[in-house]
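Using the sequences and the hints, build the whole thing.
Residues per chain are reported as follows:
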Amino acid sequence: MALLEIKGLKVGFKTQAGLVHAVDEIDLSLVQGEIVGLAGESGSGKSTLGYSIMKILPRNALVQGSINFDGIELLTLTQSKLEEIRGKRIAMVFQGSMNSLNPLMRVEEQVAEPMILHQQANEKQAVVEARNLLELVGVDKEKGRHYPHELSGGLKQRVAIAMALSTHPALLIADEPTTALDVMTQAQIMRLLGRIRDEFKITILMISHDLALLSETCDRLILMYAGKIAEIGSRDQIVRNPRHPYTQGLLGSIPSVRNIGRASSSIPGDPPDPLNPPAGCRFKPRCSFAKDVCSTFEKGPLYVEDGHYAACVLVGG
Amino acid sequence: MAKRIATSILTFFGTLVLTFILFRLLPGNPVTILFRNPQLTHAQIVLLAQQFGLDKPLWVQFLLFVENVFKGNWGISFFYRAPVTSVLFPDLLNSIILLLPATIIAILIGVGLGILSGWKRNSKTDVGILTSSLVLYAIPTFWLGILFIMLIVRVGGLPVAGMVSIQASSGPPLVYLESLARHILLPMTTLALVTLGQFTIIMRSSLLSELTEDYVTAAYAKGMSGSRLLRKHIVPNALLPTVSIIAISIGTIVAGAVLTETVFSWPGVGSLIYDSIGRRDYPVLQGAFLIVALFVIVANFVADLVYAYLDPRVKYS
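Same order as they appear, the protein sequences are chains A and B. Here the first sequence stands for residues 1 to 317, where the numbers follow the working numbering. Here the second sequence stands for residues 1 to 317, where the numbers follow the working numbering.
To be clear, the hints were calculated from the coordinates, so they are not data collected in a lab. Heads up, some of the hints might be wrong.
What the hints assert, rightly or not - To give an idea of the chain A side of the interface with chain B (calculated C-beta under 8 Å), a few residues:
#1 84
#2 87
#3 88
#4 94
#5 96
#6 103
#7 114
#8 117
Being a predicted model, the structure only gives us computed values, none of them experimental. Quick reminder that beta carbons are idealized off the backbone N, C-alpha and C, glycines included.
Written out as structure tokens, the structure is:
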């Protein structure tokens, strides 16, 4: 049974220039215990998708569709019921955790906060528990007394992960958890997240622009382009048999130390204007396989093989 | 820490130099002003100048001046023919009786309104609070004071001048306090009103900038209610810049006190400054100047300490 079931999700932002379509008709389901990577360029709507699950979008957001979490419809939930789920059963690790920690609070207090909020833990108990959690994610217990500015970027990210895990959530949304970190620390954090999945049996939705990084840790990959899902499949299906030209382009543009001296290929052009996305396939203007039929292609991802779908006319078209 | 103290001492020394120079630049011979006797012979003037050390070189005079300031010998009032300290200090106490509660009220109400306004940003409440703060900030102190006096003169019920009534000044303590409370109401309200506007504006903008921080979104994602978030995270952090600005504004509060005290004939340092200007009572002015400067320096020093206590990122070693 799916832990998270998203159907027909549409997110728009009302701006002075008009309605910006950030997420457009997304269907998605996550099973318990899997790590799913959500990849895409900046502005593809991947973070907006993560934020809409948490319902922490800015005030000018318009959300339509359905997000069903463990049998509960999140989009129509009252504020107080939502606060019981948010941070308790669904937790989030943010992009650049240096900024997602309160600079004036000791880190152990911040890790303890969700427990005080959701488990009626008293402050002392919660802080003791927080120190254990910090140790679990690889932060010295004594460091708990420190303030965020006294810790390195990698440690802060670990603190943010400990904070998210403190209430043993069923779903963890990690939005660019390693973006501001160096490669070695990135690898450590990714390994940590993998270990956490094994230990806590939680589902992780990992959002990143770094497809290479995602394909190392994730069971399944979702590629988003201009607010729509371009391709979805298991890691092996996507990496070995990419069917959407966008996926192919992204995989081809990953630089490798083996190709030093040769420029990595890239996808020409820019993502479309989210105010006026092109009709039909949104990737058409940048696609080297573009045909006339692409302008009328409005379908969602099409069947490639079991579990593997791609939104392209080349598939079964 | 030592550096902070050194800065404060240096500032006070600078004030001493300025006071000394300003006082020497003022028109008139101190001896003739002090004794106002047209029958003084030249020999007597020379003798008196010697007595007051005015025949010594300026730098010796300055050293003597500094020594005397620290010894508590602040000169003799031209008008009262009494030591400046014995004129100044009772009035200083009266000023503190008025300024302290007025400032505390202004800070509490101003910061409170700023929080409310920032939290309800872009609402009618926000617009209302912001507009009235700007109006209060712009209103001339003496004008508001005069309006109050005109109102009370028509309505009655409250004294509009002085600190205690003559009957009460020699009465039992309770009667004295009751009379004081009735007298302080108008000047305190005036002073609090003209000062609170700036605190509201500062606190509001500080809160707004705090709201854009990522840790606020992260705290929401922990499942925190808006009020808890405000209480535990946003307000403590937003208070930081406000603390230093409040300290700086102590100077303007003292300046505002000159006008308030004059309008309401409050026997404080402000009235004394005003009266002494009319009487050309330079030693009293010099003493008042020093006291006010000392207040501002001490307030800023205390603000630095409070800041270091509130913000773990600031450490004075």
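Evaluated hints:
1. Given the 8 Å rule on beta carbons, the hint for residue 84 of chain A holds: about 7 Å separates it from the nearest Cβ of chain B.
2. With its C-beta approaching chain B no nearer than about 3 Å, residue 87 of chain A sits inside the 8 Å limit, and its interface hint holds.
3. For residue 88 of chain A, the suggested interface contact is upheld, since its CB lies about 6 Å from the closest CB of chain B, less than 8 Å.
4. The criterion of a C-beta within 8 Å of any C-beta in chain B is met by residue 94 of chain A, whose closest approach is roughly 5 Å, and the hint holds.
5. Of the supplied interface hints, the one on residue 96 of chain A holds, with its beta-carbon coming within about 7 Å of a beta-carbon of chain B, less than 8 Å.
6. About 6 Å separates the beta-carbon of residue 103 of chain A from the nearest beta-carbon of chain B, less than 8 Å, and the hint is met.
7. Here the hint on residue 114 of chain A is kept, as its CB sits about 5 Å from the closest CB of chain B, short of 8 Å.
8. Hint status for residue 117 of chain A: holds, given a least beta-carbon distance of 6 Å to chain B, under 8 Å.
Violation of the numbered hints given earlier is absent; every hint is satisfied by the structure.
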